[in-house]
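Asks: Sequences listed follow chains A and B, in order.
For the record, in the first sequence the residue sitting at position 26 is 26 according to our numbering, with numbers rising by one throughout.
Plus 113 on top of the position in the second sequence (first one is 1) and you've got our numbering.
Because the hints were derived from the structure by calculation, they are not lab data.
All figures in this text were calculated on a predicted structure; none of them were measured in a lab.
You may find that some hints are simply not true.
[To be verified] Just a few of them, taken from the derived set where beta-carbon distance is under 8 angstroms, the chain B residues facing chain A:
| # | residue |
| --- | --- |
| 1 | Pro120 |
| 2 | Gly141 |
| 3 | Phe142 |
| 4 | Ala152 |
| 5 | Tyr161 |
| 6 | Leu164 |
| 7 | Arg204 |
| 8 | Phe211 |
| 9 | Gly214 |
| 10 | Pro215 |
A virtual CB, placed ideally from N, CA and C, is assigned to each residue, including glycine.
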Amino acid sequence: SAVISQKPSRDICQRGTSLTIQCQVDSQVTMMFWYRQQPGQSLTLIATANQGSEATYESGFVIDKFPISRPNLTFSTLTVSNMSPEDSSIYLCSVEGSSREQFFGPGTRLTVL
Amino acid sequence: GQNIDQPTEMTATEGAIVQINCTYQTSGFNGLFWYQQHAGEAPTFLSYNVLDGLEEKGRFSSFLSRSKGYSYLLLKELQMKDSASYLCAVRDMGGQNFVFGPGTRLSVLP
């Protein structure tokens with residue numbers, strides 16, 4: 001399984017600001033995924049990020065709100081833009097394993113005031 | 114679209130066996146996955162079924178019936194550390210869309 005790290009682990013932000021979350025993997029992977037887990041809820045896929053192409057966003061998520069970068073095969077960033085309290089959530093990145101399972105990073109806990 | 118259902122909460126006793134059910138309705142199917150998530154932590158992969166039948170892995174087993182859109186996770190010899198949320202997830206035919214169920218919060222009591 002891959003070792004995945006995320007920065008920051010948590011942050012408290014003001015309404016209207018933006019936060020960029022970094023995800024680093026210890027091996028080269030084709031696809032990286034970004035999920036959101038709101039308090040007491042399950043995981044919702046935000047987008048899939050392939051190196052060298054635009055991210056693919058799921059219904060309800062748009063690039064202007066959640067821009068994603070994928071500059072190489074071991075790194076990705078997710079930006080939460082113009083934040084509101086409704087964006088308070090845990091944001092997780094993940095990669096695919098050999099059986100197509102997902103391995104998750106430790107998550108970034110975001111609180112928007 | 115995809116719809117996945119699980120019981121919200123379950124309680125069981127240490128040493129017992131518990132079965133967590135998952136039903137799904139999907140436009141395609143390319144595998145069903147079970148994850149364990151302890152409070153405040155990221156989900157960790159438990160098991161994967163793509164064909165009908167039972168997959169056993171130590172104290173954990175997972176069963177799949179594709180014709181019924183049904184899976185269960187069986188936990189044997191329950192331990193206190195098994196108290197966690199258990200998430201069922203389905204991957205669609207395209208292979209990129211990964212949909213998680215609402216999760217079942219299991220409490221193991223002494």
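Asks: Now, for every hint given, state plainly whether the structure supports it.
Replies: Each hint tested on the structure:
Below 8 angstroms, beta-carbon pairs count as interface contacts, and Pro120 of chain B has none with chain A, the closest being about 13 angstroms; its hint is therefore violated. At a threshold of 8 angstroms, the smallest CB-CB gap from Gly141 of chain B to chain A is about 14 angstroms, leaving the interface hint violated. With a least beta-carbon distance of about 12 angstroms to chain A, the hint placing Phe142 of chain B at the interface is violated under the 8 angstroms criterion. Because the smallest distance between the Cβ of Ala152 of chain B and any Cβ of chain A comes to about 11 angstroms, over 8 angstroms, the interface hint for this residue is violated.
Interface hint status for Tyr161 of chain B: upheld, as the beta-carbon distance to the closest one in chain A is roughly 5 angstroms, under 8 angstroms. The interface hint given for Leu164 of chain B is broken, as the beta carbon of that residue sits about 12 angstroms from the closest beta carbon of chain A, more than 8 angstroms. Using the Cβ-Cβ criterion of 8 angstroms, the hint placing Arg204 of chain B at the interface with chain A is satisfied: the shortest such distance is roughly 6 angstroms. Using the Cβ-Cβ criterion of 8 angstroms, the hint placing Phe211 of chain B at the interface with chain A is satisfied: the shortest such distance is roughly 6 angstroms.
For Gly214 of chain B, the suggested interface contact is upheld, since its CB lies about 6 angstroms from the closest CB of chain A, less than 8 angstroms. Evaluation of the Pro215 of chain B hint against chain A yields a held restraint, the C-beta minimum of about 5 angstroms falling below 8 angstroms.
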